[in-house]
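Number of protein chains: 6
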Amino acid sequence: MRLLLINPNISDSVSALILAEAQRSAAPGTEIDVVTAPLGVAYIETRFEALIGAYATAQLAGEHHAGYDAVVVAAFGDPGLTALREVLPVPVTGLTEAALASAHLLGHRISVIAISQRIQAWYREIIEGYGFGSRLASIRALDRPLASIGGIQDAHAAALKALAERAVDEDGAEVIVLAGAPLAGLARSLHGQLPVPVVDGVSSAVRHAETLVALQPGRALHGSFAAPPAKPHQGLPAAIARLLHAGRR
Amino acid sequence: MRLLLINPNISDSVSALILAEAQRSAAPGTEIDVVTAPLGVAYIETRFEALIGAYATAQLAGEHHAGYDAVVVAAFGDPGLTALREVLPVPVTGLTEAALASAHLLGHRISVIAISQRIQAWYREIIEGYGFGSRLASIRALDRPLASIGGIQDAHAAALKALAERAVDEDGAEVIVLAGAPLAGLARSLHGQLPVPVVDGVSSAVRHAETLVALQPGRALHGSFAAPPAKPHQGLPAAIARLLHAGRR
Amino acid sequence: MRLLLINPNISDSVSALILAEAQRSAAPGTEIDVVTAPLGVAYIETRFEALIGAYATAQLAGEHHAGYDAVVVAAFGDPGLTALREVLPVPVTGLTEAALASAHLLGHRISVIAISQRIQAWYREIIEGYGFGSRLASIRALDRPLASIGGIQDAHAAALKALAERAVDEDGAEVIVLAGAPLAGLARSLHGQLPVPVVDGVSSAVRHAETLVALQPGRALHGSFAAPPAKPHQGLPAAIARLLHAGRR
Amino acid sequence: MRLLLINPNISDSVSALILAEAQRSAAPGTEIDVVTAPLGVAYIETRFEALIGAYATAQLAGEHHAGYDAVVVAAFGDPGLTALREVLPVPVTGLTEAALASAHLLGHRISVIAISQRIQAWYREIIEGYGFGSRLASIRALDRPLASIGGIQDAHAAALKALAERAVDEDGAEVIVLAGAPLAGLARSLHGQLPVPVVDGVSSAVRHAETLVALQPGRALHGSFAAPPAKPHQGLPAAIARLLHAGRR
Amino acid sequence: MRLLLINPNISDSVSALILAEAQRSAAPGTEIDVVTAPLGVAYIETRFEALIGAYATAQLAGEHHAGYDAVVVAAFGDPGLTALREVLPVPVTGLTEAALASAHLLGHRISVIAISQRIQAWYREIIEGYGFGSRLASIRALDRPLASIGGIQDAHAAALKALAERAVDEDGAEVIVLAGAPLAGLARSLHGQLPVPVVDGVSSAVRHAETLVALQPGRALHGSFAAPPAKPHQGLPAAIARLLHAGRR
Amino acid sequence: MRLLLINPNISDSVSALILAEAQRSAAPGTEIDVVTAPLGVAYIETRFEALIGAYATAQLAGEHHAGYDAVVVAAFGDPGLTALREVLPVPVTGLTEAALASAHLLGHRISVIAISQRIQAWYREIIEGYGFGSRLASIRALDRPLASIGGIQDAHAAALKALAERAVDEDGAEVIVLAGAPLAGLARSLHGQLPVPVVDGVSSAVRHAETLVALQPGRALHGSFAAPPAKPHQGLPAAIARLLHAGRR
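Protein chains in written order, with the working numbering: chain A, 1 to 249; chain B, 1 to 249; chain C, 1 to 249; chain D, 1 to 249; chain E, 1 to 249; chain F, 1 to 249.
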């Protein structure tokens with residue numbers, strides 16, 4: 001099985017973290033590739049940056065998806081995920097959606113630990129849009145400058161663990177989600193150090209993508225996740241235009 | 001006062017409908033300009049098409065917003081609206097948001113009349129995301145091929161009116177929203193022919209944009225609609241990059 | 001265009017504040033009149049006081065609405081608003097509904113700043129009844145005696161500003177609504193002093209009333225905002241009885 | 001124990017139905033009095049009529065409550081109920097609230113059978129305002145002219161029973177509430193004829209009022225159901241002014 | 001009238017508290033019997049303990065219900081209640097459901113005072129499952145070891161009262177529910193000492209059970225509270241098997 | 001890896017279906033065992049039957065869980081699942097929870113196809129309790145006698161497929177869940193015959209159980225899924241008592 005993970009941001013150091021955790025998590029025989037956005041920002045905290053990241057993700061998906069069994073949008077917040085689900089011929093998931101899929105099997109109230117104050121509002125909108133608002137105990141986030149996006153989990157491990165502990169003690173969290181590709185692998189490092197189960201987006205996405213391939217549930221030919229109806233278009237990059245057509249194949 | 005209306009689609013015929021209704025609706029002294037997306041699809045029905053439209057809207061806003069007092073995303077579904085609200089230095093609204101602002105002042109239960117079956121799921125997600133789910137009586141839509149996107153309201157006026165009547169009779173609609181820029185002006189044509197108030201997105205957006213300019217509520221310097229924090233970026237079109245910086249001015 | 005603003009309370013000093021802000025906010029050519037309740041309390045904080053204010057509002061509307069293009073219930077909490085919408089032949093709005101219509105175009109999470117602790121429960125019920133509960137970040141209120149209802153914004157300006165700042169910092173407010181006719185004009189005074197947009201009920205109601213007149217959406221002849229069905233009545237004041245009949249004209 | 005039931009409408013024939021069912025339902029030793037509004041409409045179907053009925057109810061409560069152990073607002077929709085709860089020194093309930101208290105002890109999904117099409121929107125708002133929206137299976141209503149408000153249950157018994165049967169079969173109703181004082185006693189007549197439990201507002205209100213008296217839960221001296229704070233008033237009928245003061249005794 | 005109260009736990013001391021408060025609360029002529037679970041735990045705090053308590057309750061109901069007019073599950077959390085409603089030929093209620101029925105007639109926002117930190121999550125699930133989530137102001141609980149389950153209200157009366165006061169002051173509680181059979185009678189002891197109405201589960205359940213018997217609403221022969229359809233079974237205790245059949249009589 | 005699947009019902013024929021589908025779905029190297037309840041009913045349709053099934057499941061888990069890496073409650077409705085999560089030292093899931101975890105990765109609106117009319121209310125309660133109510137498009141069910149519980153999918157394959165097609169066409173289902181262990185394997189048989197993805201509970205549960213084992217998220221030592229606090233108990237079967245203690249190890 002071959003999985004394509006798309007980093008919607010320009011951060012090669014984060015792509016390296018994603019690849020490492022994905023390879024540690026994958027079942028034997030699963031091959032992982034990670035591609036990094038050639039255009040965009042270092043990491044997404046806002047709706048506008050997510051708009052950019054979604055477009056970059058769509059372009060990368062259009063260029064690279066051929067030959068893969070499933071695709072993962074490898075940023076918490078899942079920019080472009082539901083759009084890609086309409087046009088890709090294979091299963092697609094994202095870090096938020098997959099982390100929630102794991103978390104809701106482990107406890108009822110879920111807290112999300114995030115890397116910046118600003119990122120919280122966007123995360124909340126995505127989680128509520130997925131219908132998980134009633135299960136969200138809290139989002140807690142670092143409140144300090146991030147010197148290096150690829151080095152957050154090393155530089156701030158103690159602070160991140162302390163945020164998780166406060167989520168358990170003060171917010172009633174029964175499961176912790178460590179949110180954001182820059183934290184890929186941190187759940188593994190913290191194993192046994194928190195009093196509730198801890199979930200990571202990358203490993204969840206890899207495992208759930210494998211499951212979706214294995215279950216062979218079939219494609220949507222009807223409803224809002226079927227391919228968009230044919231209509232005139234112009235001026236689109238070839239990779240985007242290809243997806244508009246590919247969905248209908 | 002100068003308003004910029006952005007058609008996120010490539011349809012010049014729809015831009016003409018938007019301009020005509022906007023000019024009919026604007027207060028004396030308001031100048032209206034409409035720009036049309038150079039890249040994209042004929043009309044947006046799906047999340048993937050909205051992803052494209054949002055990116056095109058952002059580019060157009062970056063290129064053209066200077067000198068305008070407010071900006072309107074002139075497609076129902078408001079692709080890119082909340083993202084632009086973070087980065088534009090002036091008020092911004094969209095057809096869905098503005099139509100709901102009018103409709104909720106006229107009745108409690110709101111029905112939306114749409115141009116295609118497929119478009120309904122996307123509309124519903126947007127309306128629920130705005131928190132108006134509990135006031136949505138129904139969405140009803142045409143179920144026939146659309147020969148010409150600019151000619152829908154002429155070709156299907158009777159069918160659209162019949163959908164509105166069914167929304168009143170069967171769904172308990174107390175207000176009708178005629179959804180989509182291709183229907184701009186239809187509420188005016190139907191005046192007095194439906195038993196409940198009827199709202200149009202373009203005229204609502206123009207009027208509410210004028211109100212936001214007049215009220216001078218101030219900009220967001222804090223919270224999720226403040227400008228995105230500064231961070232590295234690369235490879236972005238100049239118009240997009242400018243917005244990333246402009247928001248922080 | 002002529003607008004009738006009804007102060008449901010007996011406070012002439014508040015009527016003067018309403019008139020001043022309404023005149024500052026109205027478009028050129030709009031004439032404003034404010035009438036004050038001859039019976040009632042100084043200001044409404046509770047459901048029982050709102051019951052009284054709603055009845056006074058209905059009487060005033062019955063006596064005075066002729067010749068006006070729209071009517072505004074000029075108290076936050078909108079006593080009698082949805083009832084009047086059934087019987088008046090012209091658009092009608094209120095300070096809460098109109099402030100929410102402005103606020104939801106400016107940000108997602110809305111905080112309301114109020115003049116007394118007791119008033120908060122009633123405000124919350126009204127806002128939730130309008131379906132805006134999911135967008136309400138908080139209500140914060142003064143907790144001190146109000147020597148003069150017409151002088152609150154002068155006497156407590158700093159405290160009110162501090163409440164708004166706490167709503168932004170602690171509750172995540174993205175828009176502030178300064179609630180209550182006694183605060184009419186305060187948003188204007190605070191311009192540029194708060195880090196998020198600030199909305200005022202009176203100016204919002206005047207502007208949205210103008211918009212509803214301009215849009216000409218048509219009247220409800222069907223559904224729950226059509227005129228009440230004819231039936232026997234007795235003992236009603238002439239102004240109330242007139243409204244029962246007027247709605248059916 | 002003495003209970004005061006207030007008919008907010010001018011219909012003596014309905015007051016007679018209320019009295020008869022209340023007396024059949026009351027525990028031994030409970031005395032029942034019913035007072036009828038001197039001003040108002042024949043029956044309430046709309047928000048505007050409810051505004052009138054609430055004011056009439058408040059006046060009657062102010063005039064008559066002395067010497068009673070509890071008060072019942074004897075119209076479905078409970079006009080004025082939550083307002084009176086602030087000012088009366090004894091427990092107060094209403095037909096809707098009490099019927100829901102019975103119904104939610106008998107099944108999860110509740111359907112309401114009503115006397116007119118128009119009345120449904122108002123009922124739904126009240127029930128949702130009480131927080132019972134998620135348990136409401138449906139509201140179904142007669143769709144024919146009502147010749148005599150006091151004679152509805154005789155004239156339309158078969159149609160009302162058929163509506164209840166459809167609510168069970170098509171809407172999944174697990175409990176039926178026969179709504180409206182004009183239907184007082186009908187649940188008793190239909191005993192054994194419907195396949196799910198059937199609840200009546202008047203008998204429920206009488207029984208629950210007795211329970212509230214017996215439980216002696218104590219009065220609200222704090223929060224939104226304590227008496228309104230003292231403040232200037234003018235022009236109020238003596239009975240209304242007395243309640244403003246009485247609550248603070 | 002004869003009422004059967006089932007203590008799902010093995011605590012005879014709590015059964016004694018239940019019996020005493022039930023007898024003080026019952027109307028003249030009502031006979032009360034309390035049975036205690038022969039198997040189970042001292043008191044239920046968790047879902048697993050509730051699973052055990054529900055099974056014990058079902059067995060006790062099967063063995064003892066004959067000859068009673070109504071049955072009460074006498075533990076807050078109501079283990080087995082909705083299951084028993086399907087199979088018992090008489091009305092059945094529980095402490096949580098009945099306390100909520102009382103509380104929602106006394107105020108809008110309800111706080112629950114509980115005997116242990118751990119018990120809160122289970123209580124919240126039950127209350128939300130009943131559809132009362134929107135009316136729950138808070139759950140507050142003791143955070144100390146419970147030496148004797150039958151002696152909690154004596155040992156911790158001051159702490160429990162302090163929790164109620166904090167619920168009023170900090171959470172906006174308008175009604176207090178003292179939760180759990182071990183607190184049976186405490187509301188009576190605290191009469192007049194709290195600034196909002198106080199409700200007790202046992203007295204509420206006794207009174208509401210009497211009301212359900214008096215109202216004679218009829219049994220469910222259709223829908224999800226009718227008796228389970230006949231089907232093969234094996235290995236069941238006689239008392240459980242009897243209920244499977246009894247419901248269909 | 002070793003998985004224990006518990007059939008809470010007495011139906012050996014269904015256990016055989018469960019085993020076959022589980023073995024087809026499991027990853028290489030996963031060993032599957034299925035145990036069948038010695039006491040209970042043929043299949044669970046109601047809350048009372050679920051109460052029995054939950055107790056049987058707990059007993060089987062207590063007797064058999066040692067040596068397994070994860071446990072699956074192999075009935076749709078997941079009787080006993082959240083209770084077992086408190087006491088088992090390994091991950092546990094159930095058919096409903098796991099099917100929803102798969103389905104929400106495939107589309108937004110989910111419809112459930114069930115084997116009997118009566119079973120729908122129970123399913124709906126469970127799904128809403130998990131917080132998935134907003135994503136449930138519909139539940140549709142067979143309405144005919146079930147001659148043999150193990151033979152349903154053979155006898156009624158066409159009717160079940162037709163229900164799924166109606167859920168897509170009339171209810172807007174974007175994913176279909178074939179509900180109930182008696183339908184184990186049907187999704188596989190219907191592969192490619194429905195226009196939207198189709199999900200099966202048994203294969204989902206097996207795959208997600210494997211994922212939970214692989215992710216090693218850690219156990220709950222705090223919060224509502226930690227082991228129940230120690231307290232007196234009596235009269236419990238050894239297998240149940242063992243679980244009370246085992247959770248605290």
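If you're looking for bench data, these hints aren't it; they were derived computationally from the structure. Take the hints with a grain of salt, since some may be wrong.
Some, not all, of what chain B presents toward chain C, calculated at C-beta under 7 Å [what the hints assert, rightly or not]:
#1 L105
#2 Q120
#3 R124
#4 E128
#5 G129
#6 S134
#7 L136
#8 S138
#9 A141
#10 L142
#11 P145
#12 P197
#13 V198
#14 G218
#15 H222
Listed next, the in silico SDA-like pairs over lysine to any residue satisfying Cα-Cα at most 25 Å (straight line) [stated by the list, open to error]:
#16 K161/A - A241/F
#17 K231/F - H191/F
#18 K231/F - G218/E
#19 K161/A - H222/F
#20 K161/D - L142/B
#21 K231/B - G218/A
#22 K231/E - R188/E
#23 K231/C - A157/D
#24 K161/C - S116/B
#25 K161/D - V90/E
#26 K231/F - L19/E
#27 K231/C - V213/C
#28 K231/A - A241/B
#29 K231/A - G131/B
#30 K231/F - G192/F
#31 K231/C - A241/D
Note that CB positions come from ideal geometry on N, CA and C, so glycine has one too.
Does the interface hint hold: is S138/B within less than 7 Å of chain C, judged Cβ to Cβ?
Where the cut-off is 7 Å and the nearest Cβ of chain C is about 13 Å from S138/B, the hint is violated.
Do the numbers back the hint for G129/B, that is, is its least Cβ distance to chain C under 7 Å?
violated, 9 Å
Is K231/C within 25 Å of A241/D, Cα to Cα?
Given that 25 Å is the threshold and the Cα spacing comes to 30 Å, the pair is violated.
For the restraint on A141/B, tell me whether the closest CB of chain C is nearer than 7 Å.
Given a least distance of 21 Å, the restraint on A141/B is violated.
Straight-line Cα separation of K161/A and A241/F no greater than 25 Å?
violated, 35 Å
Satisfaction of hint between G131/B and K231/A, Cα-Cα up to 25 Å:
violated, 31 Å
Quick one, are K231/F and H191/F close enough, alpha carbons at most 25 Å?
violated, 51 Å
Has the given pair, K231/F with G192/F, been kept, meaning a C-alpha gap of at most 25 Å?
violated, 54 Å
Do the alpha carbons of K231/A and A241/B lie within 25 Å of each other, as the hint requires?
violated, 30 Å
Checking hints one by one. Is H222/B an interface residue toward chain C, by the C-beta closer than 7 Å rule?
holds, 4 Å
Does the nearest C-beta of chain C fall within a distance shorter than 7 Å of the C-beta of L136/B?
violated, 10 Å
Is the interface hint satisfied for P197/B? The criterion is a beta-carbon contact with chain C at less than 7 Å.
holds, 4 Å
Comparing the model with each numbered hint stated earlier shows that hints 2, 3, 4, 5, 7, 8, 9, 10, 11, 16, 17, 18, 20, 21, 22, 24, 27, 28, 29, 30, 31 do not hold.
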